[in-house]
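Protein sequences appear in the order of chains L and E.
Under the working numbering, the residue at position 256 of the first sequence is numbered 310, and the numbers go up by one with no gaps.
Under the working numbering, the residue at position 136 of the second sequence is numbered 148, and the numbers go up by one with no gaps.
Just so you know, the hints here were simulated from the structure itself, not pulled from any lab data.
All residues carry an ideal CB built from backbone N, CA and C; glycine is no exception.
Watch out, some of these pointers could steer you wrong.
[Unchecked claim] If we take Cβ atoms under 10 Å as the criterion, some of the chain L residues that face chain E in the derived model are:
hint, residue
1, Y79
2, D88
3, H108
4, A136
5, P140
6, M250
7, G318
[Unchecked claim] For lysine to aspartate or glutamate, the following EDC-like pairs were computed, each having C-alpha atoms within a straight-line distance of at most 20 Å:
hint, chain 1, residue 1, chain 2, residue 2
8, E, K88, E, E162
9, L, K209, L, E141
10, L, K330, L, D355
11, L, K330, E, D18
12, L, K330, E, E281
13, E, K88, E, D167
14, E, K260, E, D274
15, L, K330, L, D56
16, L, K209, L, D225
17, E, K260, L, E106
18, E, K260, L, D56
19, E, K188, E, D150
So you can see what is in the structure, the chains are spelled out below.
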Amino acid sequence: MDLSVSIGSLRLANPLIAASGCFGYGVEYADIVDLSSLGAVAVKGLFLAEREGHPPPRIVETPSGMLNAIGLQGIGVRRFVAEKLPELRERRAVVFVNICGSTIDEYGEIARVLSDHEGVAAIELNISCPNIKEGGITFGCSLTGTHAVVSAVRKVTRLPVIPKLTPNVTDVASFARAAEEAGADAVSLVNTFLAMAIDVHTRRPRLSNIVGGLSGPAIRPIAVRMVYECRQVVRLPIIGIGGIASAEDVLEFMIAGATAVQVGTASFVDPFIWTKLLDGLRTYMARHGIDRLADVTGTIDTSKREQAWISS
Amino acid sequence: MPVDVDAAVISNTRLSEDYCVVALSAPAIAALARPGQFVMVKPARGTDPLLRRPFSIFEVLRDKAGAPAGISLLNKRVGTGTRLLYDLEAGARVACLGPLGRPFEPVDPPARAWMIAGGVGLAPFLTLGEALSARGTDTTLFYGARTASELYCVDRFERAGIRVFLTTEDGGRGGKGFVTAAVQGQLDLTPSGEPVHLYACGPTPMMRAAAAVAASYGRPCDVSLEQVMGCGLGGCYSCVVPVWDDAKPHFERSCIDGPVFDASRIAWEALAH
Numbered sequence: 055m056d057l058s059v060s061i062g063s064l065r066l067a068n069p070l071i072a073a074s075g076c077f078g079y080g081v082e083y084a085d086i087v088d089l090s091s092l093g094a095v096a097v098k099g100l101f102l103a104e105r106e107g108h109p110p111p112r113i114v115e116t117p118s119g120m121l122n123a124i125g126l127q128g129i130g131v132r133r134f135v136a137e138k139l140p141e142l143r144e145r146r147a148v149v150f151v152n153i154c155g156s157t158i159d160e161y162g163e164i165a166r167v168l169s170d171h172e173g174v175a176a177i178e179l180n181i182s183c184p185n186i187k188e189g190g191i192t193f194g195c196s197l198t199g200t201h202a203v204v205s206a207v208r209k210v211t212r213l214p215v216i217p218k219l220t221p222n223v224t225d226v227a228s229f230a231r232a233a234e235e236a237g238a239d240a241v242s243l244v245n246t247f248l249a250m251a252i253d254v255h256t257r258r259p260r261l262s263n264i265v266g267g268l269s270g271p272a273i274r275p276i277a278v279r280m281v282y283e284c285r286q287v288v289r290l291p292i293i294g295i296g297g298i299a300s301a302e303d304v305l306e307f308m309i310a311g312a313t314a315v316q317v318g319t320a321s322f323v324d325p326f327i328w329t330k331l332l333d334g335l336r337t338y339m340a341r342h343g344i345d346r347l348a349d350v351t352g353t354i355d356t357s358k359r360e361q362a363w364i365s366s
Numbered sequence: 013m014p015v016d017v018d019a020a021v022i023s024n025t026r027l028s029e030d031y032c033v034v035a036l037s038a039p040a041i042a043a044l045a046r047p048g049q050f051v052m053v054k055p056a057r058g059t060d061p062l063l064r065r066p067f068s069i070f071e072v073l074r075d076k077a078g079a080p081a082g083i084s085l086l087n088k089r090v091g092t093g094t095r096l097l098y099d100l101e102a103g104a105r106v107a108c109l110g111p112l113g114r115p116f117e118p119v120d121p122p123a124r125a126w127m128i129a130g131g132v133g134l135a136p137f138l139t140l141g142e143a144l145s146a147r148g149t150d151t152t153l154f155y156g157a158r159t160a161s162e163l164y165c166v167d168r169f170e171r172a173g174i175r176v177f178l179t180t181e182d183g184g185r186g187g188k189g190f191v192t193a194a195v196q197g198q199l200d201l202t203p204s205g206e207p208v209h210l211y212a213c214g215p216t217p218m219m220r221a222a223a224a225v226a227a228s229y230g231r232p233c234d235v236s237l238e239q240v241m242g243c244g245l246g247g248c249y250s251c252v253v254p255v256w257d258d259a260k261p262h263f264e265r266s267c268i269d270g271p272v273f274d275a276s277r278i279a280w281e282a283l284a285h
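Let the sequences and hints guide you as you build the complete structure.
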């Protein structure tokens, strides 16, 4: 059975990627997860400089989901390449580095730093974090901003460039198209949904940042729909993200059009989820006589549904 | 290295309408557990509630031959997850990941150990007290609650050879007032040349007061902090606490850098919220 998938020139052993912001710098999990068994590890979003992030409370649970407003606490890209990347290389992890900038120049500068180091497989552009005031989502919510960030990074690196898109726009597909036109190698979607929760007794927001991003199974059907919509308008590989917690969820995204997927919140609940997902994918392939998992991508059959609608 | 155990509930002893002790069959975790470490527990299947909850390991349970057989958790019903745990019956199964976190370091004689507990903050001190007693360290538990009916498991500590000093805010049992005032009173009676190591766990204001007492008497103090936690493994950066780092506050993860911290490192004014 062949579980491998291709993101442009990059070949991943399987479609499972640890989602950025949910897996630290990967090294935190090195003793309990065989990092080389994952398709890739997307490390926590990095700015050029260190950041402290927001004060707690940083998360709150909601029905079948959670809100977070971490605020991109991080060690900065230079400490990352000096302190974390060597261990990730030693563990033979395929590393996606998620980067975030306050300005377009900062994205370019970080990409240049990463391009000088062995062991980085791809750059994921965080233009979708809902929890910081400057940069990031400012670009991700504007078609020209998305195009400008992707173009700027494209110019300075030969590494695959993967913008991570926000669902907090009217039409995600148009952003996927802007990314494609600017030279992206793939798109990943979706980041979290801007949301909030209030303690009615104290009348205070439950997060220190007041608002945060919703993740978990609660968002999965919306994310599947967004992947499906993007598949209609771009030829780029799509990395599906949003509430994946089982092999069936992985397959749902792939059938909707995703080449690979990212798993985040579910690995908080079960840090050993990866082998279970791989086992589930193999079981599905055996049951349906599938030799190459990549063949599942985009195989959604809408014909009968459309016919049913027309004839009713 | 933590293990994830599908643990059977051996018993669930309700101590009051809010408190219970849940015993779990988890030999692999019990064998690895050190004082002050915690487990991440998912008391129900399904996605609501979605996340696990952190609990201090209250007891390491042993079989007749003395081999580690399980752990128990001291649970206080405050929200959805703790309510589910309170309602569990023997035979139920819960996902239990651990042991996790940086443990307490028990001191050796001639230093004495004073453990300061408020409310459910009692939880990490039975394993610590047993580890201290095993080293021959003279150990006292200062344990405070609002009323006498909210003091639990005192005999369990006495049986472990730990001296117990109780306080209640209404004076219904033990000394009247806050537990940290009792600690201060005892420090007043202790020559500064006699080493005493403080360990504190409880509500944030209590731990802050304990840290202030420790600092003013020049005594070392370790605190076990708990923040809302996402993963327990350092992946999510939810459970951070502000610590002083070269005179600058800095966020550290209480799951892997803690939950035990040197109290003098905590930026208490930034922690209170």
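Quick rundown of the hints versus the structure:
no. : hint             : verdict
1   : Y79              : holds, 9 Å
2   : D88              : violated, 13 Å
3   : H108             : holds, 9 Å
4   : A136             : violated, 18 Å
5   : P140             : violated, 18 Å
6   : M250             : violated, 16 Å
7   : G318             : holds, 9 Å
8   : E:K88 to E:E162  : holds, 11 Å
9   : L:K209 to L:E141 : violated, 29 Å
10  : L:K330 to L:D355 : violated, 27 Å
11  : L:K330 to E:D18  : holds, 15 Å
12  : L:K330 to E:E281 : violated, 44 Å
13  : E:K88 to E:D167  : holds, 19 Å
14  : E:K260 to E:D274 : holds, 16 Å
15  : L:K330 to L:D56  : holds, 17 Å
16  : L:K209 to L:D225 : violated, 27 Å
17  : E:K260 to L:E106 : holds, 11 Å
18  : E:K260 to L:D56  : violated, 51 Å
19  : E:K188 to E:D150 : violated, 24 Å
The structure fails to meet hints 2, 4, 5, 6, 9, 10, 12, 16, 18, 19 from the earlier list, while all remaining hints are met.
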